[in-house]
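For chain A, the structure is supplied; the task is to place chains B, C and D with the ligands on it using the hints.
Note that the protein sequences, when read in sequence, are chains A, B, C and D.
Under our numbering, the residues of the first sequence are numbered 246 to 682, in order.
Under our numbering, the residues of the second sequence are numbered 246 to 682, in order.
Under our numbering, the residues of the third sequence are numbered 112 to 493, in order.
Under our numbering, the residues of the fourth sequence are numbered 112 to 493, in order.
No lab work stands behind these hints: they were computed from the structure.
These figures come from a predicted structure and were not determined experimentally.
The beta carbon of each residue, even a glycine, is placed where N, CA and C say it ideally should be.
It cannot be assumed that every hint is accurate.
Subject to a maximum C-alpha distance of 20 Å in a straight line, what follows is the list of computed EDC-like cross-link-like pairs (lysine to aspartate or glutamate) [unchecked claim]:
#1 D:Lys136 to A:Glu400
#2 C:Lys433 to C:Asp479
#3 C:Lys351 to C:Glu327
#4 B:Lys619 to C:Glu139
#5 C:Lys492 to A:Glu566
#6 C:Lys492 to A:Asp567
#7 B:Lys604 to C:Asp131
#8 D:Lys136 to A:Asp567
#9 A:Lys546 to C:Asp131
#10 B:Lys404 to C:Glu139
#11 C:Lys126 to B:Glu566
#12 A:Lys643 to A:Asp612
#13 B:Lys542 to B:Asp515
#14 C:Lys351 to A:Asp515
#15 D:Lys445 to A:Asp527
One side of the interface only, derived from the structure: several residues of chain C facing chain B at Cβ under 8 Å [claimed, not checked]:
#16 Ile129
#17 Ile132
#18 Val145
#19 His155
#20 Arg205
#21 Asn210
#22 Asp235
#23 Cys309
#24 Ile339
#25 Pro343
#26 Pro423
Given next are the chains, with one letter for each unit.
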Amino acid sequence: MAKHETPLLDQLESGPWPSFVSDMKQQAEVRAKNEANTEFQIPTDVVEDLLGVLELSYKHGRTHWKHGGIVGVFGYGGGVIGRYCDQPEQFPGVAHFHTMRVNQPGGKFYKTDYLRELCDLWDFRGSGITNMHGSTGDIVFLGTTTPQLEEIFYELTHKYNQDLGGSGSNLRTPADCVGQARCEYACYDTQDLCYTLTQEYQDELHRPAFPYKFKFKFDGCPNCCVASIARSDISFIGTWKDNIRIDQEAVQAYIGGELAPNAGAHSGRDWGAFDIQKEVIDLCPTNCMWMEGNTLKIDDKECTRCMHCINVMPRALRIGEDRGLSMLVGAKAPILDGAQMGSLLVPFISAEAPYDEIKEVIESIWDWWMEEGKNRERLGELIKRQGFQRLLEATGIKAVPQHVQEPRHNPYIFWKEDEVPGGFTRDINEFRKHHLR
Amino acid sequence: MAKHETPLLDQLESGPWPSFVSDMKQQAEVRAKNEANTEFQIPTDVVEDLLGVLELSYKHGRTHWKHGGIVGVFGYGGGVIGRYCDQPEQFPGVAHFHTMRVNQPGGKFYKTDYLRELCDLWDFRGSGITNMHGSTGDIVFLGTTTPQLEEIFYELTHKYNQDLGGSGSNLRTPADCVGQARCEYACYDTQDLCYTLTQEYQDELHRPAFPYKFKFKFDGCPNCCVASIARSDISFIGTWKDNIRIDQEAVQAYIGGELAPNAGAHSGRDWGAFDIQKEVIDLCPTNCMWMEGNTLKIDDKECTRCMHCINVMPRALRIGEDRGLSMLVGAKAPILDGAQMGSLLVPFISAEAPYDEIKEVIESIWDWWMEEGKNRERLGELIKRQGFQRLLEATGIKAVPQHVQEPRHNPYIFWKEDEVPGGFTRDINEFRKHHLR
Amino acid sequence: MAFISSGYDPNEPMKDRISDIGPRKYDEFYPPLVAKNKGKWLYHEILQPGVLVHVAESGDELFTVRCGGARLMSTAHIREICDIAEKYCDGYLRFTTRNNVEFLLDSKDKVDALLKDLEGRKFDGGSYKLPVGGTGSGISNIVHTQGWIHCHTPATDASGTVKATMDVLFDDFKNHRMPAHLRVSMACCLNMCGAVHCSDIAILGYHRKPPMLDHEYLDKMCEIPLAIAACPTAAIRPSKVELADGKTVNSVAVKEERCMFCGNCYTMCPSMPLADAEGDGIVLMVGGKVSNRISAPKFSKVVVAFIPNEMPRWPTMTDTIKRIVEAYSAGANKYERLGEWAERIGWERFFEKCELEFTHHLIDDFRDPAYYTWRQTSQFKF
Amino acid sequence: MAFISSGYDPNEPMKDRISDIGPRKYDEFYPPLVAKNKGKWLYHEILQPGVLVHVAESGDELFTVRCGGARLMSTAHIREICDIAEKYCDGYLRFTTRNNVEFLLDSKDKVDALLKDLEGRKFDGGSYKLPVGGTGSGISNIVHTQGWIHCHTPATDASGTVKATMDVLFDDFKNHRMPAHLRVSMACCLNMCGAVHCSDIAILGYHRKPPMLDHEYLDKMCEIPLAIAACPTAAIRPSKVELADGKTVNSVAVKEERCMFCGNCYTMCPSMPLADAEGDGIVLMVGGKVSNRISAPKFSKVVVAFIPNEMPRWPTMTDTIKRIVEAYSAGANKYERLGEWAERIGWERFFEKCELEFTHHLIDDFRDPAYYTWRQTSQFKF
Ligand code: SRM
Ligand code: SRM
Ligand code: SRM
Ligand code: SRM
Ligand code: SF4
Ligand code: SF4
Ligand code: SF4
Ligand code: SF4
Ligand code: SF4
Ligand code: SF4
Ligand code: SF4
Ligand code: SF4
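Here chain A stands alone, though its shape is the one from the complex (with noise of 0.2 Å):
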């Protein structure tokens, strides 16, 4: 029988959805019984005693979790999250409970062998519990002792050829969508760009060099399967500057009603039948369709590839050819400042590899953040205290009306003494000749 009495944790074994109590229940026995004779390299009731401290939490309303200690791997500034339990004499099994974040492969495609490889590896060093995945993208391995990192990080080095992801001042473990791998919309090679900036930049990925953390994430297409605009201090997002492709036979087809809107995904409501005025073209935010006659005709000049047309007919309407993607800087999560979505500040840039310019745009924009960040302050929260105009002079990109949604309604101008005829040096004396006091 169970080391500590959850009976607040067992009413959540029921109901259909898939219960992470029942799943590490399961796990303790295996634990316990070990058939496959594992030497466990941490307490074996690791995940009874994650069990017990949970109900406890459960019941106090409280984390009993003690604020992270400063653990981690010789000559990495990231990848472990250091965790004590406040409570080690009754759960002894968590008294140490670290987590390790480990960098998932692009697009999180896996072989068998090699998740049972990271499996074994937990199962012998580790609690055996996992996040699949982390927030930010990383495999977590949620719990281990101090003394386990080292052997941990050694092993899957030299074994599994696999590295720790970020955590602290660096940059974060970058991550993408899953693009062209499978998804028609992909404008650019999502994995290939995340893995080769990853490679690129292990150094600032594992060392603290940064004011904080610095995040990146791969959007193939503005449906942004990854979230990255809303969470990544530079997102990239894919994008087209020609026409959007058009199959008008298809799109007789989807009029015709022989093809399902939206490739069946309203296909759990009876929502009458296909209407390719009200459905797309009224609902097109730049009103930049139209039909004529039978042929669907797209001014494209005006189109925003907002997706919306493309989504509702994949298999009449394409994206363009001429491919590249939008950088929009600065989002993040509220502390301190309040939220951040990413602004746009580069329209269009190429995304073929080595990627080049891209790079170049990162490093300048990283050079002005190390110079000017405050500590604990992210790149957008600099952006607003210094203003888009230094981003833009540190980037060296020109001021164009893409940069902004509309110009500022404050005329609050901050001319510059060399953008002013004269300077701004003048003589009282000349003035008080012809403006008498």
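Same frame as chain A, now just chains B, C and D with the ligands:
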């Protein structure tokens, strides 16, 4: 011939638009001739000197008026703006050139005998130059000397039963749209409310007791013809609660083209035949209108009373009958914190004499502002600084969704101690019993 | 000229003092038709630009003829207006909230006579005295301020920029060809006396040089703490200054890179003037509105950061305004205000269609709200 | 348990050290069909909730079966997933950005077999191990964070609130009846690890009591200046405190009325814990989105200021969420996201339709931008 050469100003006499230069020259002549044998109390050539100093500003590209001096009439803190020329030797006629603000009649309606009386007074004791009207709404007497201020005030009050308007940290001269006097859209009597409050608050208007200026403006409906929402600390905008009255025959007359849309406001161009769907129904911001066969339907519950449909078809649609007004607060020009428009405080309040409810709201706002407002802090700035919640507390108005365009997106909620069970004081040692350090 | 007393006695200012009486009551000046039909108007029609008829439930018809004018008016001009009102309107008239004159008549035929009469009235310089128009989807009179005629802080003139602009827009004062109302406003400094911050087109006088510091007099003429407190960007700090004659005085210092030239310090302190021939000029803002029709009121946006003062007719400014008006007129839908049009096509298109250059000055960098004006979406037009 | 070395030598940490190698390269794990057709996909179809087919230019078809799961996964569970992948997918699978598992298959009939198999797999407690769904216009898995499982700052639990919510929304995980995507996210404190600030529905853990001050240890355990600097509202100031034993120590004082409980001080200083059974609970936010489809991305808005922690199933919270989902589902147009719906009908209607009470807490009062969320128009619905 003219006292001063004005080659630059002379170029502003040509062109079709009424030339203020020509008008000033005509005035200069009239004064020089003085056919009415007025015993001018300020220099006869005041207008010549005004033209002269203005020409000098056109030459220098700078004003030649000194920083305002403090002058006024006994017992009043406002109504006069002191002004001195910074080249008095060259332009003695305008060495003193103070303005007086004369409180205009409601709706700016005049009878000529009264206007002529004002002209007589102003020719006699001032420059004879005016603004009809100042931006706040006053009749502005432009230019007289210090000794004349009391004389003018005395004659205004004794002979013409007319008071000065506001300036300084006072209630400023309230202003109204033409409203019910000549407009079918008026939801309340703007002139009567404007007049009643002006009289009620004479003391606030003449004697500075506020942190800064305070303005009232009265718009009879959401068309906002006196721009109250943009430039008054309290904006009174007429509205209604019930249904728009529809005359279906007139609707047909518009559809049939017998009636010109928008009362002929678009007559200057051929916009093609009137299309009620395109021009009214599709432009309704709430999409609450539709045609049922030949009858126009409005779901009034969803209508936000934007006035568009009524403006387009004034003979078919009329404002509702359960009328009152909305009060919006805080509008101001950009100095210092940036411009503000009025923010909705009272969605609906009845507007029947003696307007006691309205006065209560006004006075509770003033009490708060006078208590909390810093020197030169407009109401809008105080609301921004302390938060809209404080305003609601001060006025005893309950928070409703109508107060916001959207709820807050930052979760930074300042809970008050009495709102949180158990309050804020806690025992750290009690806490540490359950949570070791 | 002998001083003539009104009866006021300086030694006894309160002697039979009359105060706090307020304005004359509105209804003293109502024309009979207004007094009779107030609150009972049924509808109106614009018979032609500048001519309105309002029809009451009683069937009465009130005709209005609206005339433009410089709101800087002489008594001579006002008397002439009175003559006209007496001839055609039994002495009744009003002014509008945009400083137009409205003659109020009780019959249609009087209207025609009045129109003929007005057409003939011109100043010696040749300009019309009372041009008829300003209604409907046209361009009405420009709401404006004092400028060099009377104020101490202007960065440009008001009456002159307005006259130059209205000359260029004159045809549209007398026409209804615009897609919707087009309101132009003018303010000669950032104080923005008027509602330029919410106008379809706003002409704004702007300084571009930090205040000069008249150290020798500053402490004598100003409350230094008030001047310091007045600065929205905290650019001013107290400082001791040594004058030419070696004497040190209390004064202030200004962090120039923090100054955005609002002139608020000068409002508080005469020894900090900003005015400068090269520094001062015009900012153009567009896309504001105050009505709640269809869309909510909008602030005007800065689209031209600076145009030099070109006296007496500001040609660069008027050309730019004309270009914006024509682009709007050509591009907007019926009923669509300038700001609604710009938002529909996108500001990137607006700059293209109006042939305006976009510069870094137009990007908001004033306080936290600036962020909300940048572009947080991948949606944009090339 | 005997310590078994990996080969790492603590005395010579750099001895044949391998570092900076990054992740495994993506293409090592591509299924053959992906490797072959990458970048050449033509279109896709959702055959049924949870089942996708992607068709390539080559004509190849790649089938995807998406399964939900608690992202808190044991190796036992992962091994079971591997068994399945080996049986049906030659060992290929992936995880989605919302923590769903995707089995990637090369033929339709394998799909049916797999579906049958998955249907049968349940935990002892009775819940499904791998429910199929999460596609199209349904409700997918909840992106979430650590909560009481691992973090030091949570105001609620993550896994528990998610399980309770998904049980209530389960049918819509397996259905496409929503008007559009409906994304639910969860974060256990204001740090918002995840994208809750832009979700259709966001569950947020929130503290409501200012930090306790462990004066005796504060100076020992924290960098006082860092703690002070961490506070966004400048509520913290240094102060000397006399302890029970009469000894005075350096510590801090907190202006409680300035505190909005963000916990940022605690992040910097362990001696300032906020957690409290009565103080902590849930904030609900709605109407956010991140896609650029039709409308730009939107922040979520706070619509319920506080719901107490009701362990283990948070019934008040789940009822409220269910009510919002049903109101949205009933009211929104096809393709319309929750936030787009709320904006179209107006937030005043949103509260009515969702039967939510509006309180003063929901009015923004944080810094200058707050102004832009108030209502600057006469347009509103009664
Ligand atoms: C593990 C993870 C949550 C999860 O359960 O998945 C996580 C966990 C923590 N985050 Fe996070 N963050 C995680 C993704 C995020 C994200 C989402 C993302 O990266 O896409 C965000 C929002 C995006 C952003 O960066 O703004 C995020 C915003 C924060 C913040 C607020 C930062 C800010 O500037 O707003 C903090 C506070 C801080 O840095 O001190 C924080 C801090 C933390 C700390 C280290 C707690 C702390 O105060 O030091 C948490 C450790 C918990 C623990 O003990 O395991 N975490 N954190 C995520 C990382 C796993 C991974 O590597 O895949
Ligand atoms: C005369 C007038 C302009 C005009 O030509 O019509 C005017 C003239 C002055 N205004 Fe104004 N304001 C005038 C209407 C306005 C308006 C429009 C309105 O009231 O509808 C505004 C914008 C609305 C508002 O109140 O925000 C306005 C916003 C200002 C400001 C900025 C106040 C603010 O809080 O933003 C100042 C600066 C100040 O108060 O120190 C100001 C200051 C001034 C001063 C007193 C100059 C100064 O710095 O002290 C000007 C005196 C000029 C002179 O020598 O004659 N004036 N002022 C208007 C009053 C005439 C009248 O009574 O009818
Ligand atoms: C006379 C005046 C009121 C007054 O008390 O003096 C007035 C009178 C009328 N306005 Fe106005 N408005 C007057 C200033 C305004 C202003 C204020 C301003 O421009 O500073 C506005 C706000 C403009 C803005 O949004 O920037 C204004 C926005 C409207 C609107 C909304 C127009 C729109 O498309 O947004 C209407 C409705 C319409 O035109 O159909 C309107 C409609 C009207 C009507 C039709 C009302 C009626 O039934 O009588 C009046 C005649 C319209 C016309 O001129 O064609 N009035 N009207 C003002 C004339 C000013 C002038 O001389 O040109
Ligand atoms: C698998 C995944 C990418 C990945 O790398 O893992 C993915 C895959 C697809 N997304 Fe996505 N999206 C995925 C997360 C997202 C996210 C991110 C998130 O939810 O955190 C978003 C942004 C959501 C938001 O705006 O809040 C997202 C917004 C979209 C949209 C825009 C939907 C909208 O109405 O705004 C589309 C277009 C569509 O659905 O037609 C889309 C379309 C698609 C398509 C149809 C693309 C394609 O042609 O293959 C894919 C299958 C759709 C489906 O599930 O019905 N995907 N998609 C992610 C699956 C998450 C899950 O397990 O549920
Ligand atoms: S973001 Fe675009 S490219 Fe990437 S998976 Fe989503 S839809 Fe496909
Ligand atoms: S992508 Fe969006 S903007 Fe472009 S045509 Fe399609 S719907 Fe319109
Ligand atoms: S605001 Fe309304 S009521 Fe007043 S004049 Fe304008 S349209 Fe008429
Ligand atoms: S007033 Fe405006 S919102 Fe109301 S029905 Fe007419 S157009 Fe629609
Ligand atoms: S806008 Fe400025 S310069 Fe013009 S009148 Fe007002 S305060 Fe004076
Ligand atoms: S002009 Fe404005 S910003 Fe510049 S110093 Fe004076 S008050 Fe400050
Ligand atoms: S959201 Fe807060 S409590 Fe939850 S994991 Fe992130 S930091 Fe920890
Ligand atoms: S919780 Fe946040 S607001 Fe409160 S004291 Fe700590 S840092 Fe400041």
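Quick rundown of the hints versus the structure:
1. D:Lys136 to A:Glu400: Between D:Lys136 and A:Glu400 the Cα gap is close to 18 Å, so the pair holds against 20 Å.
2. C:Lys433 to C:Asp479: Violated, at about 34 Å.
3. C:Lys351 to C:Glu327: holds (11 Å)
4. B:Lys619 to C:Glu139: violated (40 Å)
5. C:Lys492 to A:Glu566: Roughly 17 Å separates the two Cα atoms, so the pair holds.
6. C:Lys492 to A:Asp567: holds (15 Å)
7. B:Lys604 to C:Asp131: holds (19 Å)
8. D:Lys136 to A:Asp567: Since the Cα atoms of D:Lys136 and A:Asp567 sit roughly 27 Å apart, the hinted pair is violated (cutoff 20 Å).
9. A:Lys546 to C:Asp131: violated (64 Å)
10. B:Lys404 to C:Glu139: Since the Cα atoms of B:Lys404 and C:Glu139 sit roughly 16 Å apart, the hinted pair holds (cutoff 20 Å).
11. C:Lys126 to B:Glu566: violated (50 Å)
12. A:Lys643 to A:Asp612: holds (18 Å)
13. B:Lys542 to B:Asp515: violated (28 Å)
14. C:Lys351 to A:Asp515: The hint is violated at about 79 Å.
15. D:Lys445 to A:Asp527: holds (12 Å)
16. Ile129: Holds, because the Cβ-Cβ distance from C:Ile129 to chain B comes to roughly 4 Å (cut-off 8 Å).
17. Ile132: holds (5 Å)
18. Val145: holds (5 Å)
19. His155: Cβ of C:His155 sits 5 Å from chain B, so the hint holds.
20. Arg205: holds (5 Å)
21. Asn210: C:Asn210 check passes; min Cβ-Cβ to chain B is 6 Å, inside 8 Å.
22. Asp235: At 6 Å from the nearest chain B Cβ, C:Asp235 passes the 8 Å test, so the hint holds.
23. Cys309: holds (4 Å)
24. Ile339: Violated - the Cβ of C:Ile339 stays beyond 8 Å from chain B, reaching only about 13 Å at its closest.
25. Pro343: Since the shortest Cβ distance to chain B is 4 Å, the answer is holds.
26. Pro423: holds (4 Å)
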